[in-house]
Amino acid sequence: MTHHPHGSKEPQPYWNPYVAGIGLGLVLLAAFVIMGRGLGASGAFSSLVSGAVNTVAPQHAQGNAFYSDYLGDGTQSPLNDWLVFEVLGVFVGGFISGILAHRVNKTVERGPRISVTGRMAYAFVGGAILGVGAKMAKGCMSGQALTGGALLNLGSWATMLSIFAGAYALAYFMRRQWI
Amino acid sequence: MSAPFFKFGMFSEEVGLIFAFAIGIGFGFFLERAGFNSAKKLTAQFYFTDLTVFKVMFTAIVTAMIGLYYLSVIGLVDLSLVYLTSTNLIPQVVGGLLLGFGFVIGGYCPGTSCVAAATGRLDAVVYLAGIIAGIFFYGEIYPLIESFTQLTPMGTLTIPEYIGLPYGLVVFLVVLMALGGFAGAEWVEKYMAARKEE
Numbered sequence: 062m063t064h065h066p067h068g069s070k071e072p073q074p075y076w077n078p079y080v081a082g083i084g085l086g087l088v089l090l091a092a093f094v095i096m097g098r099g100l101g102a103s104g105a106f107s108s109l110v111s112g113a114v115n116t117v118a119p120q121h122a123q124g125n126a127f128y129s130d131y132l133g134d135g136t137q138s139p140l141n142d143w144l145v146f147e148v149l150g151v152f153v154g155g156f157i158s159g160i161l162a163h164r165v166n167k168t169v170e171r172g173p174r175i176s177v178t179g180r181m182a183y184a185f186v187g188g189a190i191l192g193v194g195a196k197m198a199k200g201c202m203s204g205q206a207l208t209g210g211a212l213l214n215l216g217s218w219a220t221m222l223s224i225f226a227g228a229y230a231l232a233y234f235m236r237r238q239w240i
Numbered sequence: 325m326s327a328p329f330f331k332f333g334m335f336s337e338e339v340g341l342i343f344a345f346a347i348g349i350g351f352g353f354f355l356e357r358a359g360f361n362s363a364k365k366l367t368a369q370f371y372f373t374d375l376t377v378f379k380v381m382f383t384a385i386v387t388a389m390i391g392l393y394y395l396s397v398i399g400l401v402d403l404s405l406v407y408l409t410s411t412n413l414i415p416q417v418v419g420g421l422l423l424g425f426g427f428v429i430g431g432y433c434p435g436t437s438c439v440a441a442a443t444g445r446l447d448a449v450v451y452l453a454g455i456i457a458g459i460f461f462y463g464e465i466y467p468l469i470e471s472f473t474q475l476t477p478m479g480t481l482t483i484p485e486y487i488g489l490p491y492g493l494v495v496f497l498v499v500l501m502a503l504g505g506f507a508g509a510e511w512v513e514k515y516m517a518a519r520k521e522e
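Line order of the protein sequences matches chains A and B. Using our numbering, you'd call the opening residue of the first sequence number 62 and step up by one each time. Using our numbering, you'd call the opening residue of the second sequence number 325 and step up by one each time.
Take the hints with a grain of salt, since some may be wrong.
Across the chosen pairs, the derived CB separations fall in these ranges [what the hints assert, rightly or not]: (1) ILE157/A / GLU464/B: 44 to 52 Å; (2) ALA230/A / TRP511/B: 35 to 43 Å; (3) ALA453/B / PRO119/A: 43 to 51 Å; (4) GLY504/B / THR116/A: 31 to 39 Å; (5) PRO477/B / GLY133/A: 20 to 28 Å; (6) ALA230/A / VAL499/B: 23 to 31 Å; (7) GLY133/A / LEU475/B: 51 to 59 Å.
Simulated pairs of lysine to any residue, SDA-like, Cα-Cα distance not exceeding 20 Å [unchecked claim]: (8) LYS520/B / LYS331/B; (9) LYS520/B / TYR233/A; (10) LYS331/B / ASN141/A.
Covered stretches of chain A (in silico footprint by chain B; criterion: 3 or more residues with CB under 8 Å from a CB of chain B, positions within the stretch not fixed) [claimed, not checked]: (11) 132 to 140; (12) 207 to 221.
What the hints contain is simulated information worked out from the structure, not anything from laboratory work. Glycine is no exception: its CB is placed at the ideal position from the N, C-alpha and C atoms.
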């Protein structure tokens, strides 16, 4: 390993994708066996949004079928939720892995042909479109493609194929951002 | 038959939250190990130069699918107690297309953006703000689109049930498909690398 004079080390290469995939698959299997449910991500943000709307405008939130679904019977905070705790773990696990491999650094991921401001605008718009899609599809890549994929769930496979179709269909128009 | 442990009442919901946090740590760890904290690496999938997204995703699907299937065959796990989301085909196809658009425009999916934000990617922080805005927008328009989101209901339905083949056979076919996909992905990456050098 090369040592740098200022103490910062070179980022290590990522793992072989098949090895990382087996690790990810075993985590998913553990979730099935221990909890009887799979992984998720976007659901935690639905709880966060529903909780926030309920704090600012409780009548509005409780009269809306989408928010009230995440608010439950109102006896406990919507943040007291399995997916919220799981997503907190995702942040921690990602940080631990990144620190161990010297891959934590403040940066903006972008191709050579786009400005930082342009990249940030695309990031926000992309996130917003995905947020709508995740709710319509009843889950995102983790909840549908990965979890539902492993459970051979019909709707999940339809969602997964549509994700790839949508991304490939738009990739040409987004090429200035990435390559 | 004693699993899923939670469904057999082996621990409370509060203890389940501790498992949630621990499982999340494992999830985030392997996402980062795979390189999914990088939007450039993730989106390279859609330009055929780096097919890590496909390889990692299908290795994980096959691993969990085979593991769960065998644990159910030997009688440890009751498959019927593992939660399945119900299928609404049309809204899920439309939602999937939007997920794909958001992925290639924004550079991440929700899980990977958490890992990217945790490792300092500022674009991932903005992306997370976008997700929150998108979900808020969805919530606000939900009364208008509620009937659309409930179109083509098919209940909880697996592929083996839908096409009328035994579960184990579909597991086997998915494994074959994945192995073929991996071979194809390796070939495509080599082809693209060679083309770039010319």
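For each hint, the structure was consulted:
1. The hinted window of 44 to 52 Å between ILE157/A and GLU464/B is violated, with their beta carbons roughly 37 Å apart.
2. For the pair ALA230/A and TRP511/B, the beta carbons lie near 23 Å from each other, so the given range of 35 to 43 Å is not met.
3. At roughly 24 Å, the beta-carbon separation of ALA453/B and PRO119/A lies outside the given 43 to 51 Å, and the hint is violated.
4. Between GLY504/B and THR116/A the beta carbons are some 51 Å apart, a value that contradicts the proposed interval 31 to 39 Å.
5. In this structure, PRO477/B and GLY133/A meet the distance hint of 20 to 28 Å, their C-beta atoms being roughly 23 Å apart.
6. About 28 Å separates the C-beta atoms of ALA230/A and VAL499/B, a value consistent with the hinted range of 23 to 31 Å.
7. Distance hint check for GLY133/A and LEU475/B: the Cβ-Cβ separation is about 26 Å, which falls outside the suggested range of 51 to 59 Å.
8. A distance of roughly 53 Å separates the Cα atoms of LYS520/B and LYS331/B; the hinted pair therefore is violated under the 20 Å criterion.
9. Between LYS520/B and TYR233/A the CA atoms are separated by roughly 17 Å; this keeps the pair inside 20 Å, and the hint holds.
10. In summary, the hint linking LYS331/B to ASN141/A is supported, as the alpha carbons are separated by about 19 Å, within the 20 Å threshold.
11. Here's how the region 132 to 140 of chain A fares: 0 of its residues keep a CB closer than 8 Å to some CB of chain B, so the rule of at least three is not met and the hint is violated.
12. Closer than 8 Å: that is the beta-carbon criterion, and the region 207 to 221 of chain A has 14 residues meeting it against chain B, so the requirement of 3 holds.
In the structure shown, a violation is registered for the earlier hints numbered 1, 2, 3, 4, 7, 8 and 11, in ascending order.
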